[in-house]
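Peer 1: Protein chains in written order, with my numbering: chain A, 7 to 406; chain B, 7 to 406.
Since the hints were derived computationally from the structure, they do not count as laboratory data. Treat the hints with care, since some could be wrong.
In this list, chains with the same sequence are indistinguishable; a pair is considered to hold if it fits within one copy or across any two.
Below, a list of computed lysine to any residue pairs in the SDA-like style, where the Cα atoms sit at most 25 Å apart [stated by the list, open to error]: (1) K289 <-> R350; (2) K289 <-> D123; (3) K31 <-> A402; (4) K289 <-> E61; (5) K31 <-> Y74; (6) K289 <-> A76; (7) K289 <-> S24; (8) K31 <-> A227; (9) K289 <-> P36; (10) K289 <-> G44.
Each chain, letter by letter, is given below.
Protein chains: 2
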Amino acid sequence: MHTTHWTLARRAARLNPSTIREILKLTERPGIVSLAGGLPSADTFPVEAMRAACERVLGTQAREALQYAASEGYAPLREWVAQELLETQGMRVEPSQVLITTGSQQGLDLLGKVLIDPGCTVAVESPTYLGALQAFAPFEPEFQAIASDDAGPVPDALRAAAGARLFYLLPNFQNPSGRCLSEPRRRELLAAANEARIPIVEDNPYGDLWFDTPPPPTLSALAAETGATTLYLGSFSKVLAPGLRLGYVVAPTALYPKLLQAKQAADLHTPGFNQRIVHEVVKSGFLREHVPTIRARYRAQRDAMAASLARHLPPGCRWQLPVGGMFFWIDLPAGLDATALLPRAVDAGVAFVPGAPFFAEGARADCLRLSFVTVPPERIEVGVAALGRVLAEALAQIPN
Amino acid sequence: MHTTHWTLARRAARLNPSTIREILKLTERPGIVSLAGGLPSADTFPVEAMRAACERVLGTQAREALQYAASEGYAPLREWVAQELLETQGMRVEPSQVLITTGSQQGLDLLGKVLIDPGCTVAVESPTYLGALQAFAPFEPEFQAIASDDAGPVPDALRAAAGARLFYLLPNFQNPSGRCLSEPRRRELLAAANEARIPIVEDNPYGDLWFDTPPPPTLSALAAETGATTLYLGSFSKVLAPGLRLGYVVAPTALYPKLLQAKQAADLHTPGFNQRIVHEVVKSGFLREHVPTIRARYRAQRDAMAASLARHLPPGCRWQLPVGGMFFWIDLPAGLDATALLPRAVDAGVAFVPGAPFFAEGARADCLRLSFVTVPPERIEVGVAALGRVLAEALAQIPN
């Protein structure tokens, strides 16, 4: 045996195959309407702008773009991020606080490395972004799921988590629930976090994808007033393209050096080539024109799915209309188990993501996530109709 | 204070500013001849091939290149890596063993995460690649430096490290020492590792940069005969361009799933855009034409530096002629401290990297690393002459 000499670290036991990844494999069969993806629509990728930017970068700065570069990131892109956060979010950020990362997923990994000791408590929303649970898990925290009501995490539940190393939350159009926190709830959570001395890690990949009105100010923007402590994660994946793997962390000055050292150790730096291309694309206001086209497209998609859901889901299913982002979250009638229903749904020609993996504690079986952004409306109708039939049949089988 | 709520993980104490990074900042002053860099020469970057590849990728596969992608990496690139390792190294590797990483630095981080428990022993060469020490350190190992003779790590010293979680080594034109292991020493080290049940992590970023004859087979190629266990790290940074951040791990089948899960958690996947561009560049044998041009250039640069060293370094300095790679390693006469001499050298107009940071244990002060690849020969001559003067002056000040 060639592999007998390897010994795994204890933390490796906390690395596990992604349930969702396994589900997505199922759904790659031809003919399946997959509402399971977490991908943005490829129709929104600005290919022409990217092509022009590649041309310019390789024409005028190829040697720098292809060479090793600073671990902090490309300085003009860091400056752009700081300016953009000021203009669009009212956040006052120094470029020196911006750390460019290989997707915002890497920001989560770096935070785990720098902040999480084995056995310490990490507070998360319930449900929360699965990728964050996966990033934090190998650092062996105990997750504490903060109870939610319809408006989001409950401030008193956060207060009760005093001692937690951090509270991770997505304020806008959350993955998976689609929920957007109201401004009062944001302020209440900031106050609670401040009282309980829990720093907030605010992850905002979907904030630009609003449909009618912009979401309330980020917790990080409000934090300046309240004295609470936040760290902010942003991403280019949903407004440009995820295949570039570009995100950023805005870190408190006291944390920045350790995050930077963790970044160096992790991959030296995010590809300079990608950073310069994105800077070329965004530097002259491209997103001001481009993001509204994504919003319009996603809103029409949402409307299509909302109509299909109303037509086809059986009584007892409940959902909120998402006002931004990419997802519907469906609460099923009591007694239904989304994970158990998935194979039947796939047989019927539709795929979704069961809700259970998104819960760090107390997983609920009776919920699921549907993406409305990648499948055209006529296929959404076909998929949701199939889902409706599967749910109706399952309901009919529940003994009264 | 906004930052008082943050508590660092214990491992964060093992994250520290890179000494070499700080040195490199010093050397960015205009007029300094920097022999301190670890960068490849930007003159070797195949800009035209990259430009054509970008054009093709964005012209024919933009949607896929810009979308989320598989954590394992782009399948055709993984197949190319397996085939290339067979053709150029005689290594029998399945594409399913290849994990594409964001530079080979990320491979080191993933290995640390999956294999290193706090307090476990990690055996390393002495000196060794500083980036590996930085990647492993936050996982809190105890480093054990394996004693070296002129031929490289001493097999009996490796045997004495039985119990180590892994032995990390660079077989070819090592950074920093420039040393290439002989085939007998490779076989002896494999036998010793096998006896001591220590798996070998073989990092080979410089193997293609040989000047006269290819290096002996990799330990991973030889391992199949001996029954020893190895894991292999490769990189596109030195044969194409580091700014793309593309490397790979070839992992034993039993380790692959955990490394893959760590990869997903770390950054979901390496940019698909970059992977497809590199695949476009390399798929039709481009490296067969391109790498020989790098070899010829670097050999001429090495010859220039060898001549300058012979002309200018004072008696008592010793070095081996590197037969590949990017570095000369200089042993200084007893009593000289390279770190202490660096400010004087910078004042005299030349920069180098002191040897001390490359030692995990028992750091030696009387050694330094010079890169011969980025500075043109006439500037190498100026820089080495300045270094010679600084060393001669320092020697004159040592009391007899």
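Peer 1: Tell me, which hint numbers fail for this structure?
Peer 2: Violated hints: 1, 2, 3, 7, 8, 9 and 10; rest satisfied.
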